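Just need the whole structure built from these sequences, with the hints factored in.
Top line first, the protein sequences correspond to chains G and E. Each residue of the first sequence is one higher than the last, beginning at 1 in the working numbering. Each residue of the second sequence is one higher than the last, beginning at 170 in the working numbering.
Derived by calculation from the structure, the hints in this document are not laboratory data. Here the structure is a predicted model, which is why all the values come from computation and not from measurement. The reader is advised that the hints may include incorrect statements.
Simulated restraints on C-beta separations [to be verified]:
hint, chain 1, residue 1, chain 2, residue 2, range
1, G, Ala-123, E, Thr-445, 46 to 56 Å
2, G, Glu-127, E, Asn-294, 37 to 47 Å
3, E, His-347, G, Ala-153, 16 to 26 Å
4, E, Ala-189, G, Glu-164, 19 to 29 Å
5, E, Ala-544, G, Pro-167, 25 to 35 Å
Glycine included, C-beta positions come from ideal geometry on N, C-alpha and C.
Now for the letters of each chain:
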Amino acid sequence: MLALAAIFALRSSRKAPVVDEEEAEAPAAPIPSVRLAKVLAAFEAAKKAPAPNEAKPITVDERIAERAKGDPIAAVVPSLTGMPKATQLEMLKAMQSWPEHKFMWQVPSLARATDLPIDERIALSEELNRNLIATLEGEGVHAELPKGFTPVATREPPLSEFGEPTPAR
Amino acid sequence: MKILGTTTLAAVLLLGARAARADFSYTLSSPLKPTAAGQCAGTDVDNDCLDDAMETQLAGIVSPYYFWDETDSCNYYSSTDADTAHGSTAGYAQNVPRYYYQVRPIKKTGAPAGYPLNIRTWQANTGWIYWVRIHYFFNYPTDCGWTGHQGDNEGTFYDLYSTDLQTWSIGSGFYPRHTDPVHVISGTTLQQMSAGAGGYYPMVLADDHGHGSWEGLSPQSTSCGVGAQGNLTINYYCLVGPSLTWARQNGQYIFPDTTKNIGEPALNGSSGAWNTSVMNVYGNPAYPGTNVTSLEYTASEWATNPYANMYEYWNDVSATNPAYNRFCGWECGAGPKYYVDTKTGQRTMLPKTCQANVLNQQDCSEPMWSKVEKAPFDKCLPSGGSPCAAGSL
Numbered sequence: 001m002l003a004l005a006a007i008f009a010l011r012s013s014r015k016a017p018v019v020d021e022e023e024a025e026a027p028a029a030p031i032p033s034v035r036l037a038k039v040l041a042a043f044e045a046a047k048k049a050p051a052p053n054e055a056k057p058i059t060v061d062e063r064i065a066e067r068a069k070g071d072p073i074a075a076v077v078p079s080l081t082g083m084p085k086a087t088q089l090e091m092l093k094a095m096q097s098w099p100e101h102k103f104m105w106q107v108p109s110l111a112r113a114t115d116l117p118i119d120e121r122i123a124l125s126e127e128l129n130r131n132l133i134a135t136l137e138g139e140g141v142h143a144e145l146p147k148g149f150t151p152v153a154t155r156e157p158p159l160s161e162f163g164e165p166t167p168a169r
Numbered sequence: 170m171k172i173l174g175t176t177t178l179a180a181v182l183l184l185g186a187r188a189a190r191a192d193f194s195y196t197l198s199s200p201l202k203p204t205a206a207g208q209c210a211g212t213d214v215d216n217d218c219l220d221d222a223m224e225t226q227l228a229g230i231v232s233p234y235y236f237w238d239e240t241d242s243c244n245y246y247s248s249t250d251a252d253t254a255h256g257s258t259a260g261y262a263q264n265v266p267r268y269y270y271q272v273r274p275i276k277k278t279g280a281p282a283g284y285p286l287n288i289r290t291w292q293a294n295t296g297w298i299y300w301v302r303i304h305y306f307f308n309y310p311t312d313c314g315w316t317g318h319q320g321d322n323e324g325t326f327y328d329l330y331s332t333d334l335q336t337w338s339i340g341s342g343f344y345p346r347h348t349d350p351v352h353v354i355s356g357t358t359l360q361q362m363s364a365g366a367g368g369y370y371p372m373v374l375a376d377d378h379g380h381g382s383w384e385g386l387s388p389q390s391t392s393c394g395v396g397a398q399g400n401l402t403i404n405y406y407c408l409v410g411p412s413l414t415w416a417r418q419n420g421q422y423i424f425p426d427t428t429k430n431i432g433e434p435a436l437n438g439s440s441g442a443w444n445t446s447v448m449n450v451y452g453n454p455a456y457p458g459t460n461v462t463s464l465e466y467t468a469s470e471w472a473t474n475p476y477a478n479m480y481e482y483w484n485d486v487s488a489t490n491p492a493y494n495r496f497c498g499w500e501c502g503a504g505p506k507y508y509v510d511t512k513t514g515q516r517t518m519l520p521k522t523c524q525a526n527v528l529n530q531q532d533c534s535e536p537m538w539s540k541v542e543k544a545p546f547d548k549c550l551p552s553g554g555s556p557c558a559a560g561s562l
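Put into structure tokens, the structure is as follows:
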């Protein structure tokens with residue numbers, strides 16, 4: 001009896017563990033959120049960093065690094081790849097909500113810098129563009145530029161590039 | 170009956186389509202050339218018979234809507250300096266293109282007998298159609314594409330026609346981009362594209378980072394134009410917003426500046442002269458008077474690079490002088506550097522072209538001379554002469 005109980009206990013211990021359903025849907029590890037926090041921290045730091053303003057010859061790598069210091073967008077883009085789609089989307093939308101217009105302008109294109117499938121990149125870019133457009137239209141600050149001239153008319157193209165001399169009367 | 174009905178419908182459609190053909194047409198405050206044969210404008214520093222003030226007026230009127238993608242990091246919309254190590258004016262002011270233009274008569278080829286080839290003999294309202302070309306130069310300091318290069322001389326040009334010398338209509342537009350043959354767009358297509366988007370002038374769309382000139386695909390489209398590759402690097406994105414119409418209605422464009430008329434290159438066998446108020450001309454060399462300013466160079470660079478070494482030459486008649494062989498976005502100076510031919514991939518060492526380590530780009534654009542309009546024309550006396558006699562240009 002004791003042996004039977006021991007065998008039963010052993011078999012029970014070999015069963016697949018019962019996993020809470022809610023736990024099963026959770027991320028296997030909190031990597032995205034950690035990465036997101038790191039990226040956001042880097043982003044905030046980059047926003048505060050002064051723009052490079054030294055006139056000296058530098059290498060391409062140094063140039064990229066220097067740009068990243070003063071350009072949060074450049075700093076964030078390389079960090080997006082590899083993140084889950086939802087995280088990338090969250091990042092981009094968050095960035096677009098920031099008040100600095102110059103960031104808002106650039107965010108739609110960042111969708112292209114992700115490593116999502118091309119169709120999803122385009123769809124994401126279009127969605128972000130719609131956000132941008134809605135914001136701009138809501139502000140009402142953009143209007144057609146004046147030129148101070150309106151064309152008199154249009155005309156039908158001539159049948160001949162040379163025309164014909166008018167007969168003398 | 171059914172066949173008749175179909176035919177009638179087709180005829181109506183054809184008539185309707187024909188009636189819809191239209192070119193943009195603009196009327197100047199006075200004729201571009203004196204209306205009488207045998208006369209040239211009194212103010213004509215570029216020696217092309219056309220009135221200088223009307224050249225400026227026409228160029229200003231036709232100056233196109235010029236669109237960019239919002240992400241182009243080296244143009245008007247850039248929020249960061251594409252060349253942060255160069256100059257103290259970080260931001261778009263460093264990257265915005267410098268605008269120049271030409272307005273010049275066209276000496277037509279294949280004309281029927283009696284057509285006035287000599288510009289001086291143009292006369293208003295004779296039934297003949299006269300043509301001029303306006304070339305807009307969009308000279309960017311840099312191309313931000315892959316792999317990019319210093320200097321990025323882009324542009325577009327339009328041929329306009331007139332019978333009375335005062336009202337001019339756009340017959341054709343020319344849109345160069347990258348290594349393509351120049352794309353020729355009919356005036357009607359240009360009008361339909363712009364008017365469809367609510368516009369009054371021709372349109373030019375610059376592709377993202379590379380700045381090639383496109384005519385647009387449709388008023389409802391964001392695409393640069395027919396043949397845009399649709400990739401995710403260049404040649405696909407040319408606009409802010411969801412369509413050409415939206416971009417125009419929301420002012421997401423500029424009108425290229427028309428204050429710098431370079432005039433006409435001085436060539437054997439043609440009339441024409443550089444405009445010396447815009448171009449410095451010393452014998453053969455000609456380069457813009459605003460070539461080098463504090464905007465382009467920091468004080469230290471200014472000190473170490475003598476002004477005389479920083480020309481961007483617009484002419485090389487013989488096309489042999491290495492010093493004239495590249496457009497480097499105001500980076501010309503002590504060389505040497507490499508130039509990679511984009512068509513052949515051949516890497517060539519050229520002396521005295523661009524500053525190294527300025528933009529971290531090793532290449533430059535084609536020479537300005539390859540972009541300047543230089544087809545010969547005549548305006549000599551006595552009227553009727555074409556070609557002009559030697560020494561009478």
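For each hint, the structure was consulted:
1. In this structure the supplied range 46 to 56 Å holds for Ala-123(G) paired with Thr-445(E), their Cβ-Cβ distance being about 55 Å.
2. In this structure the supplied range 37 to 47 Å is violated for Glu-127(G) paired with Asn-294(E), their Cβ-Cβ distance being about 57 Å.
3. At roughly 35 Å, the beta carbons of His-347(E) and Ala-153(G) sit outside the given window of 16 to 26 Å.
4. Judged by the Cβ atoms, the range 19 to 29 Å given for Ala-189(E) and Glu-164(G) holds: they are separated by roughly 24 Å.
5. The supplied range of 25 to 35 Å is met by Ala-544(E) and Pro-167(G), whose beta-carbon atoms lie about 31 Å from each other.
The structure fails hints 2 and 3 (numbered hints given earlier, in ascending order).
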